[in-house]
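Number of protein chains: 2
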Amino acid sequence: MRRMFKALAPMLAVILPLSLPLSALLPLPALAGQGAPGAQAAPGVVEDGYDLWLRYRPLGKAARVQVRPVASAIVAAGTGTADGGSIAAPAGTPLQAAVAELQRGLGGLLGKAPPLAAAVQDGAVVLATPASMPALSGMGLQLEPLGQEGYLLRSTRLQGRKVTLIAANSDIGLLYGAFALLRKIGTGAEAPAGLAGLGALDERSAPKLQLRVLNHWDNLDRTVERGYAGESIWNWWALPEVRDRRYVDYARANASLGINGTVLNNVNSKPDILTAPWIAKAAAVADTLRPYGIKVYLSARFSTPLELGDTKTADPLDPAVAAWWKAKADEIYKAIPDFGGFLVKANSEGQPGPQDYKRSHADGANMLAKAVAPHKGIVMWRAFVYAHEKPDDRAKQAYDEFKPLDGTFDANVLVQVKNGAIDFQPREPAHPLFGAMPKTPLMMEFQITKEYLGYATHLAYLGTMYQETLATDMHTGTGGKGGSATVAQILEAGAEQGKSRLTGIAGVANIGSERNWSGSHFDQANWYAFGRLAWNPQAQAGALAREWAAQTFSSDPAVVTQVADLMMMSREAVVNYMTPLGLHHLMGTGHHHGPAPWVANLERPDWNPVYYHRADQGGIGFDRTASGSNAVAQYAPDLARQYADPRTTPESMLLWFHHLPWDYKMASGRKLWDELLARYDSGVAQADQMRQRWARLKPVIDARRHEDVAVLLDKQYQEAVWWRDASVAYFQSVSGLPLPAGVKAPGRPLDYYKSLKFPYAPGRG
Amino acid sequence: MRRMFKALAPMLAVILPLSLPLSALLPLPALAGQGAPGAQAAPGVVEDGYDLWLRYRPLGKAARVQVRPVASAIVAAGTGTADGGSIAAPAGTPLQAAVAELQRGLGGLLGKAPPLAAAVQDGAVVLATPASMPALSGMGLQLEPLGQEGYLLRSTRLQGRKVTLIAANSDIGLLYGAFALLRKIGTGAEAPAGLAGLGALDERSAPKLQLRVLNHWDNLDRTVERGYAGESIWNWWALPEVRDRRYVDYARANASLGINGTVLNNVNSKPDILTAPWIAKAAAVADTLRPYGIKVYLSARFSTPLELGDTKTADPLDPAVAAWWKAKADEIYKAIPDFGGFLVKANSEGQPGPQDYKRSHADGANMLAKAVAPHKGIVMWRAFVYAHEKPDDRAKQAYDEFKPLDGTFDANVLVQVKNGAIDFQPREPAHPLFGAMPKTPLMMEFQITKEYLGYATHLAYLGTMYQETLATDMHTGTGGKGGSATVAQILEAGAEQGKSRLTGIAGVANIGSERNWSGSHFDQANWYAFGRLAWNPQAQAGALAREWAAQTFSSDPAVVTQVADLMMMSREAVVNYMTPLGLHHLMGTGHHHGPAPWVANLERPDWNPVYYHRADQGGIGFDRTASGSNAVAQYAPDLARQYADPRTTPESMLLWFHHLPWDYKMASGRKLWDELLARYDSGVAQADQMRQRWARLKPVIDARRHEDVAVLLDKQYQEAVWWRDASVAYFQSVSGLPLPAGVKAPGRPLDYYKSLKFPYAPGRG
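The listed protein sequences derive, respectively, from chains C and Z.
So for the first sequence, our numbering puts the first residue at 2; every next one is plus one.
So for the second sequence, our numbering puts the first residue at 2; every next one is plus one.
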């Protein structure tokens with residue numbers, strides 16, 4: 002095993018910070034039987050994952066001593082006198098939410114909630130805006146650049162008192178600032194002298210993207226498409242009368258990251274969601290989320306007026322249709338005055354759309370945009386489309402359809418583009434549309450739920466995946482002139498030449514009704530990383546992993562390092578045992594669980610794994626160069642050149658762009674066939690290493706969550722072996738090549754793997 | 002309103018113990034907004050319902066003083082010395098479960114868990130069987146009649162020490178005894194001097210039915226047919242590797258009631274459940290439940306071998322089929338040595354069965370019975386059948402099909418009969434099969450989930466409904482000779498003339514993945530009441546309501562009385578606003594939510610509400626006397642005579658048996674039309690009263706659960722009005738009669754109620 006890792010350098014060296022030498026790994030201790038009676042509930046708080054990263058468990062004594070002097074009271078400027086311990090901040094406002102969170106958080110961290118105080122005093126945490134405390138304006142704080150959502154944390158003097166100031170231009174900014182202060186304290190112990198800096202705070206932060214939105218693929222019957230965390234968090238049946246308390250905790254968690262919007266229902270939408278009973282349900286959710294700065298959006302089915310029988314067509318240029326949507330928007334805004342707008346999946350995978358009437362995506366989007374524009378609403382129009390006709394390369398279609406429309410969208414439309422051109426695979430090159438539509442604001446669509454990365458079972462920290470895309474240099478330069486421009490910069494810049502000033506990012510949520518929210522403890526980290534990257538797309542995945550681990554498990558730096566290391570290696574492990582070297586779309590049909598590279602019998606060619614890997618006796622991979630589909634030409638020239646040559650294409654994406662002979666010589670000096678096998682083996686080894694590393698953490702992680710994770714890591718290892726064995730068995734059957742010495746034969750014959758069926762897999766929603 | 006209640010005497014006087022005069026009711030206080038931020042978690046334990054009736058919250062000081070001297074240590078006889086605080090009872094055994102529960106329970110109630118002790122000492126709780134403490138045999142305890150599941154609680158002297166003895170013939174008996182002691186302490190404070198008696202205990206209890214079984218209608222994709230409490234508790238996808246901790250708490254809750262079996266999957270079954278991967282999943286559940294005395298059963302699809310392609314037919318008399326089932330049983334018992342057996346729904350509602358091959362239900366049941374007999378397994382064969390052909394009266398069919406088969410079933414077969422002859426309606430007369438098959442053990446099937454009684458939204462305590470059926474005198478006498486014989490007695494007697502000694506009862510579970518298990522706090526009471534009645538079918542619903550309320554909310558006798566009063570009136574309220582006077586099957590199609598008495602267009606006549614109420618200008622009701630379907634003749638002569646005459650038929654079942662003119666004169670002196678309207682109005686008034694009574698309890702119930710329930714009671718009231726209004730509007734449209742003075746017209750025209758659709762209602766699983 003050691004030899005293999007050596008051979009995979011330098012890439013693996015980056016992703017496997019082997020601070021723990023393999024030789025030092027202890028054997029896995031036997032897991033305590035879960036079924037055994039007698040397991041007593043831990044005294045006090047049970048770590049069942051419900052509290053997410055907002056656990057606020059008591060700090061150690063030394064840390065408390067550092068924090069108490071700078072957080073000994075809470076003052077919310079402009080709320081008048083404190084009254085019997087309860088502050089006079091208006092109920093249901095962001096300010097009240099901020100104060101409540103500080104009390105809850107500091108109360109937990111310090112063992113006792115700081116009192117609310119009417120007057121500024123030494124050691125107080127003071128929340129203030131220029132409106133609530135006019136004196137702020139004269140302090141040279143430079144609040145203006147923070148905008149309506151940014152915040153400032155500063156140790157300063159107010160009215161002669163030494164305070165911890167949270168300042169912002171709006172109460173939402175104060176709420177974000179309150180969460181930032183709590184995060185700082187909660188994680189502080191892990192950074193060198195982290196808490197020592199609390200007395201000399203001077204930080205400012207503002208979101209780099211305006212729209213930071215979750216997309217729930219939640220159906221009205223409470224199933225969730227690609228959901229692996231129980232039912233939908235939205236108990237539609239009980240709404241609007243019954244508002245689950247989880248909605249508030251959901252809002253707190255999102256606000257703690259800066260997420261400021263949520264699309265409640267699946268992009269595969271139903272007309273019902275826009276009828277009165279459902280608008281009332283959505284309004285109840287909106288009321289609950291509003292104090293946390295989160296706007297509600299809905300996925301609209303393009304044919305809604307037609308299907309409800311209100312119009313005779315859904316043609317976007319038909320005046321009756323436009324009038325219907327205008328009236329519908331008015332109706333929605335009456336119930337939800339700050340309704341965000343619509344998300345639309347049109348003319349994609351069977352969904353209706355403007356093309357049904359020979360209209361363009363822009364025609365459809367602009368018609369809806371005009372309906373919500375008077376209310377300051379927006380339309381997020383998805384670029385995930387592929388034609389019914391047999392395409393030359395599915396990866397090219399979104400670009401082919403949308404690039405020509407650049408400049409034709411209304412100012413309140415964003416085009417929402419998946420991170421890659423296929424569909425949320427474990428690894429995809431950045432979507433060629435990024436940088437290709439300078440007159441149109443593009444909104445990133447990441448998938449947080451792990452449809453293709455092992456459901457909630459596998460530990461795969463996606464922070465690295467998000468960062469990989471966001472940091473990709475599209476070489477489109479500012480204004481598309483060919484200079485350096487990362488995807489993050491492109492998102493932040495928005496439509497440089499267009500009339501729209503909108504920017505945004507969306508994540509397909511992994512949130513459900515399960516107690517731990519995401520189906521596994523570690524999947525919470527993907528929600529976290531998405532949210533933090535939405536705030537700052539140039540944040541570092543490694544730093545976010547440490548932040549999350551410190552708040553979620555322990556702020557002990559040694560624990561944080563080990564947990565973060567595990568996270569940082571995890572996604573690459575999944576890529577290795579599922580789709581190494583740029584392979585993609587090799588999963589089982591429909592449910593997308595497990596390997597099925599042999600599938601070749603589906604109706605559309607581009608639904609079949611064989612369409613994507615094109616393996617035969619001669620070689621493997623999808624030729625997307627000029628000799629093939631020429632998808633590389635969709636990228637800016639610098640990037641296209643790089644991807645056009647296998648020698649300059651990163652090996653991690655090699656077979657995405659190239660069909661190569663089995664004896665193609667890799668950078669390692671090995672033949673492609675040998676390298677492919679080595680990657681599969683390394684994935685399995687990494688999965689094994691992950692469970693062993695976790696086992697070593699048993700003494701420092703609470704028993705319950707440690708066991709929860711250990712059981713899943715065991716299952717992940719078994720499934721990694723399955724992926725590797727089934728894939729090797731299949732590719733050997735087409736390559737006809739022998740396994741090199743030392744490479745283990747698959748555990749079962751190929752037919753066994755082909756026979757496996759999963760008719761009851763979750764997430765088919 | 003007061004006048005109306007007076008008019009409904011005497012029935013209402015029984016069901017409305019108006020200890021609270023209406024004039025004393027306070028107005029409903031405004032509910033705290035759930036969406037408001039700032040709601041702090043209560044310090045310590047949050048009452049979210051997860052702990053069910055096993056909350057074990059600290060007793061008051063006076064109570065603790067009474068309990069401590071009789072529970073100051075725990076001694077498990079035969080386990081050797083205590084070792085560092087942990088007892089040597091073998092892990093994963095019922096004895097360990099009993100000790101752990103006593104430690105958990107007494108620890109919670111007393112604030113500190115009594116230590117485990119190796120030697121008998123004064124004040125100890127001693128768990129002992131004749132096997133673990135041979136001295137028991139000489140004490141004249143008369144343990145033998147307790148059987149393998151009964152227990153004895155006695156304050157006595159052992160080895161010269163004054164102890165609280167829990168004695169039984171088996172460790173399962175000890176576990177039941179431990180729960181009984183904890184229940185006694187937990188509820189004791191509510192009975193006069195309840196805890197004072199702890200020092201002079203002398204109680205013995207043994208179950209009156211052998212098989213006390215939950216039926217989960219849970220599908221393999223984790224949906225639940227008629228489930229209103231989230232997804233299935235069985236996370237099939239994650240099993241067998243991941244065993245949810247809930248399974249242990251599920252086992253504890255069931256064991257606390259004496260439930261000793263659970264059918265894991267829906268009676269509408271799939272072949273997959275009997276394949277190797279699913280047997281492994283069931284085995285993992287069985288391993289978890291085993292220490293709690295709970296056996297696992299599976300619902301078997303009759304055509305399984307045929308559908309799996311292993312046989313060419315599913316004909317029960319085909320030797321290959323019988324051999325397949327025998328081999329399958331062997332395979333299951335290898336994985337689950339104490340597997341309980343099969344539950345089968347055959348030739349009913351489209352399910353396959355022996356009649357597909359011109360064989361009888363007995364042919365089918367006996368073939369399966371022979372497969373499991375070598376392993377001491379059983380078959381529970383459902384009598385819920387109705388033919389595909391148009392029947393003269395669906396209510397007659399189970400009797401017509403099964404009575405002729407009496408005496409033809411193997412000794413390890415029970416016939417499982419629903420409480421009534423239609424389908425779990427809010428009120429049905431007892432099923433005519435009870436007492437009609439003296440050579441066959443009949444197993445009662447109650448529905449705990451509220452398919453027809455308002456889902457989990459409506460508060461409807463079903464203890465009264467269960468008791469009503471169990472206490473019904475079928476007049477079949479012992480051995481069917483015509484004397485008095487209640488349904489309870491018939492169940493307890495089993496097959497008096499047959500070869501089988503089996504007895505049993507089943508309840509269709511209302512348990513799901515929701516935090517509070519049952520979808521609402523009060524629905525937990527139905528699980529509780531079912532379990533306690535399964536142990537003793539002659540228990541009283543009122544006493545069980547008090548028991549449950551004391552453990553679930555507060556043992557303060559005043560609170561217990563008010564909560565129990567609410568419960569005791571609740572089911573009759575539902576009957577009144579849904580299906581008064583013996584009406585039945587008036588609900589919406591498919592989802593069974595809300596009123597739809599007008600439905601007349603379904604494929605089968607007996608799927609239509611109009612088939613059941615037969616209302617027209619002349620009158621209303623189903624004539625089941627000799628002039629009609631003559632279903633009354635299926636009852637024993639004494640009962641048949643009573644039901645044949647409207648004057649001797651209880652008014653609560655009047656229209657079940659009789660078609661009567663609108664001006665039929667009721668006992669109240671009113672005309673039937675007026676009486677019907679009055680019942681609907683009383684149902685609405687009762688729903689209103691329920692929410693007002695609950696509002697008054699606000700100061701004495703924890704805030705969270707009080708609000709949870711208050712919101713639902715509000716919704717229940719709104720839906721009661723809807724049921725009443727829609728029903729009145731419809732029946733007026735067919736009767737053509739005016740509403741009497743003082744009766745309020747429905748709020749909307751009939752067409753409005755007809756237009757309501759619920760395509761996303763839960764429970765369609």
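Hints listed in this document are in silico derivations from the structure and should not be mistaken for laboratory results.
Bear in mind the structure is a predicted one, so any value in this text is a computation, not a measurement.
All residues carry an ideal CB built from backbone N, CA and C; glycine is no exception.
Worth double-checking, as some hints may not be accurate.
[Said to hold, decoys possible] In the BS3-like style, the derived pairs of lysine-lysine whose C-alpha atoms are separated by at most 27 Å in a straight line are:
1) Z/Lys716 <-> C/Lys271
2) Z/Lys271 <-> C/Lys716
3) Z/Lys313 <-> C/Lys758
4) Z/Lys313 <-> C/Lys755
5) Z/Lys758 <-> C/Lys271
6) C/Lys335 <-> Z/Lys271
7) Z/Lys755 <-> C/Lys271
8) Z/Lys113 <-> C/Lys113
9) C/Lys755 <-> Z/Lys271
10) C/Lys271 <-> C/Lys113
11) Z/Lys716 <-> C/Lys758
12) Z/Lys335 <-> C/Lys758
13) C/Lys327 <-> Z/Lys758
14) C/Lys716 <-> Z/Lys335
15) Z/Lys271 <-> C/Lys313
16) C/Lys758 <-> Z/Lys271
17) C/Lys313 <-> Z/Lys755
18) Z/Lys758 <-> C/Lys335
[What the hints assert, rightly or not] Cβ-Cβ distance ranges computed for the label pairs, FRET-style:
19) Z/Ala281 <-> C/Arg516: 34 to 42 Å
20) C/Gln719 <-> Z/Asp311: 21 to 29 Å
21) C/Pro70 <-> Z/Pro70: 20 to 28 Å
22) Z/Arg158 <-> C/Gln719: 54 to 62 Å
23) C/Leu309 <-> Z/Ala321: 48 to 56 Å
24) C/Arg516 <-> Z/Arg648: 37 to 45 Å
25) Z/Tyr753 <-> C/Gln719: 42 to 50 Å
26) C/Pro70 <-> Z/Arg765: 55 to 63 Å
27) Z/Leu738 <-> C/Glu604: 42 to 50 Å
28) C/Asp639 <-> Z/Arg765: 54 to 62 Å
29) Z/Tyr753 <-> C/Glu604: 40 to 48 Å
Consistency of the hints with the structure:
no. : hint                              : result
1   : Z/Lys716 <-> C/Lys271             : 26 Å, holds
2   : Z/Lys271 <-> C/Lys716             : 26 Å, holds
3   : Z/Lys313 <-> C/Lys758             : 22 Å, holds
4   : Z/Lys313 <-> C/Lys755             : 25 Å, holds
5   : Z/Lys758 <-> C/Lys271             : 15 Å, holds
6   : C/Lys335 <-> Z/Lys271             : 48 Å, violated
7   : Z/Lys755 <-> C/Lys271             : 22 Å, holds
8   : Z/Lys113 <-> C/Lys113             : 25 Å, holds
9   : C/Lys755 <-> Z/Lys271             : 22 Å, holds
10  : C/Lys271 <-> C/Lys113             : 48 Å, violated
11  : Z/Lys716 <-> C/Lys758             : 43 Å, violated
12  : Z/Lys335 <-> C/Lys758             : 24 Å, holds
13  : C/Lys327 <-> Z/Lys758             : 25 Å, holds
14  : C/Lys716 <-> Z/Lys335             : 24 Å, holds
15  : Z/Lys271 <-> C/Lys313             : 43 Å, violated
16  : C/Lys758 <-> Z/Lys271             : 15 Å, holds
17  : C/Lys313 <-> Z/Lys755             : 25 Å, holds
18  : Z/Lys758 <-> C/Lys335             : 24 Å, holds
19  : Z/Ala281 <-> C/Arg516: 34 to 42 Å : 25 Å, violated
20  : C/Gln719 <-> Z/Asp311: 21 to 29 Å : 28 Å, holds
21  : C/Pro70 <-> Z/Pro70: 20 to 28 Å   : 50 Å, violated
22  : Z/Arg158 <-> C/Gln719: 54 to 62 Å : 56 Å, holds
23  : C/Leu309 <-> Z/Ala321: 48 to 56 Å : 55 Å, holds
24  : C/Arg516 <-> Z/Arg648: 37 to 45 Å : 57 Å, violated
25  : Z/Tyr753 <-> C/Gln719: 42 to 50 Å : 56 Å, violated
26  : C/Pro70 <-> Z/Arg765: 55 to 63 Å  : 59 Å, holds
27  : Z/Leu738 <-> C/Glu604: 42 to 50 Å : 60 Å, violated
28  : C/Asp639 <-> Z/Arg765: 54 to 62 Å : 55 Å, holds
29  : Z/Tyr753 <-> C/Glu604: 40 to 48 Å : 44 Å, holds
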